[in-house]
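Residue numbers (the numbering used here), protein chains in the order written: chain D, 244 to 618; chain L, 244 to 618.
These aren't lab readings, by the way, just hints derived from the structure by calculation. Quick caveat: nothing in here was measured; it's all calculated off a predicted structure. There may be inaccurate statements among the hints.
Identical copies carry no separate label here, and so any pair may be met within one copy or between two of them.
When the alpha-carbon atoms are kept at most 30 Å apart in a straight line, the in silico DSBU-like pairs for lysine-lysine are as follows [claimed, not checked]:
1) Lys283 x Lys323
2) Lys316 x Lys536
3) Lys352 x Lys450
4) Lys536 x Lys283
5) Lys536 x Lys613
6) Lys445 x Lys252
7) Lys445 x Lys488
8) Lys357 x Lys536
9) Lys539 x Lys283
10) Lys539 x Lys316
11) Lys450 x Lys348
12) Lys539 x Lys323
13) Lys357 x Lys539
14) Lys323 x Lys536
15) Lys613 x Lys283
16) Lys348 x Lys445
17) Lys357 x Lys402
18) Lys488 x Lys402
19) Lys539 x Lys613
20) Lys450 x Lys488
21) Lys352 x Lys445
22) Lys283 x Lys316
23) Lys445 x Lys402
Protein chains: 2
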Amino acid sequence: MFKIESRDKESNARAGILTTHHGDIPTPIFIPVGTGGTVKGILQRDLTEEIDAKIILANTYHLYLRPGTDIIKAAGGLHKFMSWDLPILTDSGGYQVFSLSGNRKLTEKGAIFKSHIDGSEHIFTPENTIDIQRIIGADIMMVLDECAPFPCDHKYAAKSVKLTHHWLDRAVERFRTTEPLWGAEQVLFPIVQGGIFDDLRKISAEKTARADMAGNAIGGLSVGEPADEMYRTIEIVNEILPEDKPRYLMGVGTPVNILEAIERGVDMFDCVMPTRNGRNGMLFTSEGIINIKNNKWNDDFSPIDPSAPSEVSINYSKAYLRHLIISGEILGSQISSIHNLAFYLCLIREAREKIITGNFKIWKESMIKKLSARL
Amino acid sequence: MFKIESRDKESNARAGILTTHHGDIPTPIFIPVGTGGTVKGILQRDLTEEIDAKIILANTYHLYLRPGTDIIKAAGGLHKFMSWDLPILTDSGGYQVFSLSGNRKLTEKGAIFKSHIDGSEHIFTPENTIDIQRIIGADIMMVLDECAPFPCDHKYAAKSVKLTHHWLDRAVERFRTTEPLWGAEQVLFPIVQGGIFDDLRKISAEKTARADMAGNAIGGLSVGEPADEMYRTIEIVNEILPEDKPRYLMGVGTPVNILEAIERGVDMFDCVMPTRNGRNGMLFTSEGIINIKNNKWNDDFSPIDPSAPSEVSINYSKAYLRHLIISGEILGSQISSIHNLAFYLCLIREAREKIITGNFKIWKESMIKKLSARL
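Isolated chain D, as found in the complex (with noise of 0.2 Å):
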């Protein structure tokens, strides 16, 4: 299901194509997020024509409460539902039930939240996830965790650890008794844990790789710890991880986290920032971070990135695209978020391709140094 192409000599950085029913995906590769079935303001036409996304992500905590996995069933899976004919893949719903749920509560069975939408109490346990994400017919499906909130004690940290490795079994145990719905291979990946305690880390990530599934997750980081200890977890935790099998870091990051993470040996990666940034005027671009809301773009009539990551990236001026986003305008969404989830596939592609070419290194260096540039 994974083959790695090409190893950088000078990093743990590789490039590779995981295969699902769905499609081949080249890694590294950045995930579009398309929490309610779709990727906020982008037509999925979009998504592949402009964007040339491989693969998008789903939320199992939203489309769990809308539109219901009654209605996921009948239309014969997300796939459908949604017109997309490319990979999905679905995060647990732990990380929305504890980030937008009110008066959750944690047992060893699994997590009793209220919706954020009508306060209807629900449980989440490792077993009716695997459930609702064979429903949904995700090409990859996650395993339940609880992502310990930034900063915890270490005490607090290991008792959720324990907990993650607990829902693991029982999840790997219904997903080996179960079958995909909808003819298509689905797999699951289980989510290292453990906050940026070495030792947690460590038991997490040898847990995780014993599990034996076709890949494997980082999850809990870019919750608020500095850069730094991120990358240092991300090195203790690929050390132990198989090196045969994809690894993803769940809900990162900005362009230079992600050429960070490569360098250290991630392979998949999924973030809001690009569309959620992007709406707020927020753009990444070749020439550095601009926030087009700021008033030295007003008549500023250049396109939004000459770099032209997209077609919208050259087509339409800085001063139309802040005028869009001051005036509350759809378009201005639309835009930024084309643009900049454009920018992160076309960055990701290139790492690749400089992994393949065998001088990523000396590519990063100078990448990293034009990404943290505020225009």
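Given chain D, put chain L in place with the hints provided.
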């Protein structure tokens, strides 16, 4: 500039071509509303490729307030600012002064109003609205008028018509003594007012016809009066407006309104209905009108409209669109707006074909039944 290609033998409907610097416009035509330099929720590319729009409308009031004429002038006109190469018609802003701004005050000189954005005070005169539309670079400009409310008494309507006619003379004078800024030809349309009072409408149509401009508009309809009153008023006005110039019915309306007005000799239409109502989940389809929020579409996985006015109409199901609209997802607004506008443009293209092939009337009667159905 306007050439009638075909006349319906059983009604006053006609098919023509309106020539502008930015392209030929087949008539009858529907003009998507792009108030602030954007048709809400739709990329310019999709206006042409998905909707087949031949001309869009922008609004003087909105563009004057934001981004402001300085920015549009620095950009080299609205076409360049918003990356749109086809014709643009600008409303004068009179209607918006009356509907959006607080503390407006009408004087013979012009309309004094407060910005709905920041409360700042401004004045629109027949002259400066021409100047602003010169800067915008609209292919078709509109005179400043007063759109009287409905209901209003004869005395008010008569006074309002008098003011509108006074402004018309001054607007025409400014139009004749100024030149386009961006090398493109610009024309000016006067506007017939007079509420639903036949005598006032006749006087206003005669005054408007005497201005001898490239085309003429009918304003002040679809503001709350019964549809029959609107149709009767159109008949009275169109008996007077010159037959060899395009007739533009402003702000109208439903698909049925449009077919009725085409039958009575109207050539051009604009309305926010397909986009605004679309964003709220109202869909115009070949089978009738749909309120997509209704529970009945919950698990209806058939295409939005099998007659496929646009790609999104068949790529996405009613149940998926319902999910998006109910969830407040931007994509719901995008799909509804593209579909509804494509439906309007498709309907009007078909009306044009039927006029040319000589079976408009029978087709229109059959369509009106379908278009009025609520599914």
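* Tell me, in ascending order, the numbers of any earlier hints that this structure violates. => none
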